[in-house]
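Q: Sequence:
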Amino acid sequence: MCASKGVFANVDLFASISAFVELEKLRLAQTLNPLLIKAKIYMVSLKAVVNELNNIKQQIASA
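Note that this note's numbering has the sequence shown beginning at 18, numbered continuously upward.
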């Protein structure tokens, strides 16, 4: 096992735990279903990705 894989595994674990804690804080603050909160976050991130892809397409078309 490469040492860098161990470091990245620790970062991934920390990111997962941090995301879980943030999701729980949102759930408690908004008293919403956790799956609904995840769906809302997912939709916002999808919109951001689509906007970024459209920007890239426009840059390529104008070049």
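Derived by calculation from the structure, the hints in this document are not laboratory data.
Don't take every hint at face value.
List time: in silico DSS-like cross-link candidates among lysine-lysine, alpha-carbon distance up to 30 Å [what the hints assert, rightly or not]:
no. : residue 1 : residue 2
1   : 74        : 64
2   : 57        : 42
3   : 55        : 42
Source: prediction; values computed, not measured.
Q: Decide, hint by hint, whether the structure agrees.
A: Hints, one by one, checked against the model:
1. The hinted pair formed by residue 74 and residue 64 meets the criterion: a straight-line CA distance of about 15 Å does not exceed 30 Å.
2. Between residue 57 and residue 42 the alpha-carbon distance is near 15 Å, which keeps this suggested pair within the 30 Å criterion.
3. Using a Cα cut-off of 30 Å, the hinted pair residue 55 and residue 42 holds, with the two alpha carbons roughly 13 Å apart.
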